[in-house]
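These are the residues of each chain, in order.
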Amino acid sequence: MNKTATLWVAIGFLGLLFLPWYSVDTGFWSFQWALALNNLENASAILQSVLYGRGWFSPPIILMVTTAGILCLRTNQDNKAKQLIVIGALGLGYVIAHSFLSLESELLPSNGAVGAGAFVTSFAFLFLLTTGLAHMRQVGSDAFITGLIGTIIVLVATFVFFPISHVLIRAFEYPDGSLGIVRFLSRILSGDVWGISCFTGGDHCGPAINSLILAVATGIGTTALGLSFALIATRTQFRAKKTLRILTVLPIITPPFVIGLSLILLFGRAGVVTDWLNILFEIEKSRWLYGFTGVYLSQLLSFTPIAFLVLIGVVEGVSPSMEEASLTMRANRWQTFSNVSLPLMKPGLANAFLLGFIESLADFGNPLVLGGDFNVLSTEIYFAIVGAVADTSRAAVLGIALLTLTVAAFLIQRRWLGNKSYTSVTGKGDSGQHSGLNPALKWACYLTSIPWAIFTLIIYGMIVYGSFVSLWGYDNSFTLKHYQQAFGIDFRDGMFLSGSAWDSFLTTIKIASLAAPLTALVGLLTAYLLVRQNFKGKSVFEFGTMLSFAIPGTVVGISYILAFNVPPIELTGTGLILIIAFMFRNMPVGVRGGIAALSQLDKSLDEASLMLGATSFTTLRRVITPLMGPAILAALIYSFVRAITSVSAVIFLVSAEHNMATSFIVGRVENGEFGIAIAYSVVLILTMLAAITFLQMLVGRRKLRRENRVSDSNRIYSREIEQPIKGTAL
Amino acid sequence: MNSENASVSLSNIKKCYGTVTAIENLSLEIPEGEIVTLLGPSGCGKTTTLRIIAGLEQATGGEIYIGQENVTHQSATYRNVAMVFQSYALFPHMNVLENVSYGLTVSSTPKKTRKEKAFRALEMVGLTGFENRLPSELSGGQQQRVAVARAVILEPDVLLFDEPLSNLDAKLRRHVREEIRQIQQSLGLSAVYVTHDQEEAMAVSDKIVVMKDGAIAQQGTPTELYEQPQSEFIADFIGDANIIPCEIESTSGNRAVVKVSSTTLDSYAAKHISKDMKLSIQPRNIRLTHTYTPNSLAGRVQHSTYLGGHMEYLINTDAGDIFVVDAEMNEKYQKGESIHAIFEATKTILVPVEQ
Ligand SMILES: Nc1ncnc2c1ncn2[C@@H]1O[C@H](COP(=O)(O)OP(=O)(O)OP(=O)(O)O)[C@@H](O)[C@H]1O
Ligand SMILES: [Mg+2]
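The listed protein sequences correspond, in order, to chains A and B.
Position 415 of the first sequence, counting from 1, maps to 415 under my numbering, and the rest follow consecutively.
Position 243 of the second sequence, counting from 1, maps to 243 under my numbering, and the rest follow consecutively.
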């Protein structure tokens, strides 16, 4: 305990003495502040209090000095630990309270946004607290574990709950700044949000009702299609089963809008199909695609693969011996399916429905492109912010409506379905064969799935094709100009990236490559805590970390601008805010993947390592990490790809300096420059495929080298690689 | 509290999982250089006790000493204790040598010492030449020995085994348990050994601790437990004894006369005679005859089984069914025959009735 605590006291002093307490205008990493440490803006806590007589810096300094004193004394270790806990809590509490309260003060040097010094000092206090707790064995088994728990709690609190609380507060705010519930209730329950006039002859329903209808329809549609695909893939002799599985990879590498754009190329006013229908049957060209139909179609196309992936597992999980038992009791195949297999799949089907439901609610790209007059919550939130008058409190109210729906679905999914799976893969070799489908059902599946699969392929084909067409519907000549405009390179004097997309493309790659390892790290470490450690409040901890899963991207977006646009934590306009947003939005997927992988790892391996004198950190590094290779890879790939394709949160957080690919594409779509938007999407898809292949080769080669080493364990996980992909992300 | 030569001592240990009490007030001493076996039916708390000694679980109450040091609040990492896991828990990504020297590696022992010690440990378990194999390339018995080598390399104060043989086939089990016994004695290690196989317990232990419902039912040498069970449970669990209800007629010294249904029998009396006692006798201490003999119960053969080396009979008597093993097989009795079951007086023991 002494060693760890001494280390953190030293780091605390570093933060108090050398690092600028407040955020510096020139940026921390430029280190220009180091040249003028005594300036008011750059001064550390100690310099602030010594040079500028700012008394409010004394408490943390005194606390840190006291800690140093305590550590030097030779007192009872238990007492020391208690003192560390008290000091850590006081220090952390003081720094946080001070950061918020001092905002009112006139004396602030800059605008009061905290900087590196405050950050390092807070963590030093936090770790003094957790080190003390570790000694008292209050939580976790050693200082590393308690420190890790503390860190994750602080991070999730700061970057998930703190911003969400801003949305709540803003929603309850009166124009004059006071808070009250009456206005909030009247606004959130108003016809503006929940109007149902479209049922009674009026023209528009409120966005919440639209969102709900769409989500239910999408949930049902994707579940039905997914089931039909899953039945074909597992219960028939269909030849191209392997190819069907490729469909499941598509949605994760598809940038938003791609499907919407492709639908426009086919069915829009200038679309191919529209043209033919017009020529052959003289059907008038219309804008029928824009509205519920178009959004619904695009959501079905986007999310069916997810349902398929979930339901493959469900359908395969029904034990063949149950079906065989039913067949031996003279039930025919239809009776077996409807009386045995289907009821066993019920929880799985409900799960697939809820996933489709949540995805649809949170979807932003498709309604933005195809919505027309059909307003849904996610786009309404966006328009409330970017509209003529930015109305953040309306955005907040709509955000809460959306959040309520998704969190409710999430809770239902966890509470109701959590422990209710009949299909389980046991260690027992379950021999036997799944019974085939009866002919009628088989043909029903074929007739829905095969056309749908072909349709999906056409959609993706259109994208590639469309990127080479001059002006869709008007000038169908072959051209490379979209690629040139977007990704042109000028070689006249040296190399110059003249294409308009380069800027956002390189930023995207940079941010995604930074976010991916961080996301994987936080996600997998959290999984490690959840699976391998026991501590008080673990279920709350788990719930907190998984909850960010249910927060739609648009809500994350507004919550971040509300929370991080003002001191004490000022991040808007930086690349950091994008990285952080990705980290906490994609973290649950890493958590799920990590939990799946860790549950396959015998716990006695960790224990054996501990027994041999390794600390939990060493165990994590030497035993667990090497055995988690595939899960780490999956988490990396997933978070990288999600960072490239996500748009809903990003669109609020980009800045001129840090523009992202997806928001660039939104801009082009809004200007009607479809060609560039499509070409850019194609490049993104190729980039992601290349990155996935590269990462897989990297790990693949490593695996070859140590093939016989991990042979057994690897075989177990290879299935788990799919796991994180299976999880949805909003 | 801690007696001089105990390498591990537990005093009043208690362990709760939520509302479930797994261990209740358990006190136990592991003398230096001995193997103590924890034996008992499934769920009685053997593994839990072992994990508490290891530091993998925290006791809810009570204290643990290793040597003279109070380690109650120390975590597994810092206790000088080693464990051989039921699943062996060999690290699949490390070869035999890396596995065996892991404990030295993480304590930053110089490479040379590390290698020397690892080779010595492997030699001891007879696995020289296997250094570069991976665990998946070894047989079950070999993996088992790697696990033992890995555990003893740190020269622990106490070595823990949790059902180390349960993954091996019956023949190998006998062989490996002798090896374990031999290694333990040659190194003079103290060890705690968990098993639910009583024969295995008898074979390896200096002392056996029989547990029941999270508490110690009786402890002693194998002979003591087998020959002088102090409760119905032990008599049944260790000796598979016939437990017969009886009434005590008279006692004199260490003999007692008891009445079983209408017959009087002579028996060995325990030190603490109470009113409620039952008669306990192991199946192989009952002889059968056709003719009446004193100290016997009359009955009828209900069932007889020929098992090659011995015969097994189920005899129907007024005092209930009794189970008899006849290893001499001078005469075979057929189903339905009337016979007398002679109770050998010195092997007939009184045990208190279980509440
Ligand atoms: N993590 C746990 N949570 C709740 N109860 C537990 C836990 N571990 C053990 N128990 C309970 O504690 C009791 C003792 O368990 P323990 O594993 O020590 O039994 P055991 O004697 O090793 O049995 P076996 O011979 O079957 O291995 C059991 O009733 C068990 O259900
Ligand atoms: Mg056990």
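Since the hints were made in silico from the structure, they are not lab data.
Please note: incorrect hints may appear among the correct ones.
[What the hints assert, rightly or not] Reference excerpt, derived from the structure (chain B facing chain A, CB under 7 Å, subset only):
1) PHE91
2) ILE216
3) GLY220
[Claimed, not checked] Here are the computed lysine-lysine pairs in the DSBU-like style, where the Cα-Cα straight-line distance is at most 30 Å:
4) LYS481/A with LYS285/A
5) LYS112/B with LYS538/A
6) LYS536/A with LYS242/A
7) LYS111/B with LYS536/A
8) LYS603/A with LYS117/B
9) LYS603/A with LYS111/B
10) LYS212/B with LYS3/A
11) LYS241/A with LYS82/A
12) LYS603/A with LYS212/B
13) LYS171/B with LYS3/A
Idealized CB from N, CA, C, for every residue including glycine.
Quick rundown of the hints versus the structure:
Satisfaction of the interface hint for PHE91/B is found here, the shortest Cβ-Cβ separation to chain A being roughly 6 Å, below the 7 Å cut-off. Given hint, ILE216/B at the interface with chain A, is violated; its Cβ is 25 Å from that chain's nearest Cβ, farther than 7 Å. Restraint check, GLY220/B versus chain A: the minimum CB separation of about 29 Å is more than 7 Å; hint violated. For the hint pairing LYS481/A with LYS285/A, the CA-to-CA distance comes to about 28 Å; that is within 30 Å, so the pair holds.
Straight-line distance between C-alpha atoms of LYS112/B and LYS538/A comes to about 44 Å, which puts the hinted pair past the 30 Å bound. At roughly 46 Å between alpha-carbon atoms, LYS536/A and LYS242/A are farther apart than 30 Å, so this suggested pair is violated. For the proposed pair LYS111/B and LYS536/A, the alpha carbon gap of about 40 Å is over 30 Å, so the pair is violated. Distance hint between LYS603/A and LYS117/B is fulfilled; the C-alpha atoms sit about 27 Å from each other, no more than 30 Å.
A distance of roughly 28 Å separates the Cα atoms of LYS603/A and LYS111/B; the hinted pair therefore holds under the 30 Å criterion. A C-alpha spacing of about 43 Å is found between LYS212/B and LYS3/A, which places the hinted pair above 30 Å, so the restraint is violated. Restraint check: the Cα-Cα separation between LYS241/A and LYS82/A comes to about 62 Å, which exceeds 30 Å; the hinted pair is violated. For the hint linking LYS603/A to LYS212/B, the alpha-carbon distance of about 26 Å falls within 30 Å, and the restraint holds.
Restraint check for LYS171/B and LYS3/A: the C-alpha separation of about 51 Å exceeds 30 Å, so the hint is violated.
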